[in-house]
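Student: Next come the chains, spelled out residue by residue.
There are 2 protein chains.
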Amino acid sequence: MKHEYFSSVLKKCGVKVTKQRVAILEVFEEGCKPISAEGIFGVLKKSKKVSVDLATIYRNLQVLEAHKVIRRVDLRGDSQLYELGGHHHHHILCTACGATEGFDFCIANTIEKHVVKQSKKFKVITEHAVELFGICSECVSKSKK
Amino acid sequence: MKHEYFSSVLKKCGVKVTKQRVAILEVFEEGCKPISAEGIFGVLKKSKKVSVDLATIYRNLQVLEAHKVIRRVDLRGDSQLYELGGHHHHHILCTACGATEGFDFCIANTIEKHVVKQSKKFKVITEHAVELFGICSECVSKSKK
DNA sequence: CTTGTATTGCAAACTGTTCGCATTACTGTA
DNA sequence: TACAGTAATGCGAACAGTTTGCAATACAAG
Numbered sequence: 001m002k003h004e005y006f007s008s009v010l011k012k013c014g015v016k017v018t019k020q021r022v023a024i025l026e027v028f029e030e031g032c033k034p035i036s037a038e039g040i041f042g043v044l045k046k047s048k049k050v051s052v053d054l055a056t057i058y059r060n061l062q063v064l065e066a067h068k069v070i071r072r073v074d075l076r077g078d079s080q081l082y083e084l085g086g087h088h089h090h091h092i093l094c095t096a097c098g099a100t101e102g103f104d105f106c107i108a109n110t111i112e113k114h115v116v117k118q119s120k121k122f123k124v125i126t127e128h129a130v131e132l133f134g135i136c137s138e139c140v141s142k143s144k145k
Numbered sequence: 001m002k003h004e005y006f007s008s009v010l011k012k013c014g015v016k017v018t019k020q021r022v023a024i025l026e027v028f029e030e031g032c033k034p035i036s037a038e039g040i041f042g043v044l045k046k047s048k049k050v051s052v053d054l055a056t057i058y059r060n061l062q063v064l065e066a067h068k069v070i071r072r073v074d075l076r077g078d079s080q081l082y083e084l085g086g087h088h089h090h091h092i093l094c095t096a097c098g099a100t101e102g103f104d105f106c107i108a109n110t111i112e113k114h115v116v117k118q119s120k121k122f123k124v125i126t127e128h129a130v131e132l133f134g135i136c137s138e139c140v141s142k143s144k145k
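So the protein sequences, as listed, match chains E and V.
Per this note's numbering, the first sequence starts with residue 1, numbered consecutively.
Per this note's numbering, the second sequence starts with residue 1, numbered consecutively.
Simulated from the structure, these hints should not be mistaken for laboratory data.
One or more hints might be untrue.
No copy labels: a pair is met if it fits in one copy or bridges any two.
Cut-off 30 Å, straight-line C-alpha distance, at most; resulting in silico cross-link-like pairs (BS3-like, lysine-lysine) [as the list claims (entries may be wrong)]:
| # | residue 1 | residue 2 |
| --- | --- | --- |
| 1 | K45 | K68 |
| 2 | K45 | K12 |
| 3 | K68 | K16 |
| 4 | K113 | K123 |
| 5 | K142 | K123 |
| 6 | K120 | K144 |
| 7 | K19 | K46 |
| 8 | K68 | K49 |
| 9 | K19 | K49 |
| 10 | K68 | K144 |
| 11 | K16 | K49 |
| 12 | K33 | K121 |
| 13 | K12 | K48 |
All values reported here derive from a predicted model rather than from experimental measurement.
Work out the full structure: start from the sequences and follow the hints.
Tutor: Spelled out as C-alpha cells, the structure:
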C-alpha cells in the first residue's frame, strides 16, 4: 500500500529505495501538515520503527525537494518546513498559536500575467509563494476574554 | 535632510536616536533592495563612516521591524532579508542569479476575502507574503548560448 | 551471491542569529 | 549646560539549524 506507493515514487526519481526514505515520506503523509527536519526526527524517534539520523533527514529533504516529491513552505518559522508535493495550495498561519490551514484556490496566475506584462526583466516565472498570516478564531476569542 | 528624517522616524517610535540606527536606515534607503544583517554590516564596514557591531544590527532589525519601519522579505535565501516599510509591494527573484525586482500591484485582498469566506478557522488576516520566483531575461539568454 | 555505488550514521564544522554583561551615549530635567 | 537615569552598544560566548567528511552499510543490477 503506502509503502509500495512511496517505493515507486522513489524509483521514478532514480534514487535508491531505503527504509529511511520511505519512513520520512510516511511521516509527511500521516502528518498532513508542513513539518521540519527536526519534526520528522522527533516523530520517527517516538515511533521507534526506524531510527533515522538527523543528517540523513536533511540530506533526503534536499533530494526529495530536488525531485519535487516535497516542496518547501515559507512560514517564517525558525526552521524550514516541507510538505508533500501533491496538489497545489497555499497556507495561512496563526501568528498567535502557530496553527496552520491550507487553502486550495490560488490567483497567482493572475499576478504572474501582470508581472510578465509589466516587467522588462522577468518573463519567465517558475514558482510562487503565497502565504497569509492572521489570528485564528480560537486565539481571537481567547484575547477577548 | 535624510538624517533628520530618520531621526524623526525613530523619535515617533519612542526609541533613542543613535548614529548606528540612522546609519542602518541610510543603508536601507540607498540600497533600495532587500538586504540582510550581514549585508548591512558589510556596507557599513566599507563606508567606514560608522562602525556598527553585527549584534547591534540584529537587535535593531528587530526593533525596527516591531515598529514597522522595516519589514521582512521571504525570498528563501540563507539569511533573513529586510526592506524599508514604505509602500506595499512584492518581489520576484531570479533563482539563477539572485536578481530581484519589486512589483506594485497586489491581489492578496482578493485571496484574503476568499479565505475568510471559506475558512472556519480564520477570519482575521493581518499580513500576507506573495513572492514569485523565475528566471530573469538575462539568465534566460545566457542559458540559450 | 557478488560487486559497485549510493546512502547512512556519527562527529565535527559552519552559518546565521541571539544573549549576558560591562561600558557608552542618548534624552529629559534642572 | 551639566547631570542622572536608562536605553543602546560592543564584545565574546552561546545557540539552533543545517551541512560536511569519512568510514561503514545496504540497496540494485548482473
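Student: Just pull the numbers of the violated hints for me, sorted ascending.
Tutor: Violated hints: none; all satisfied.
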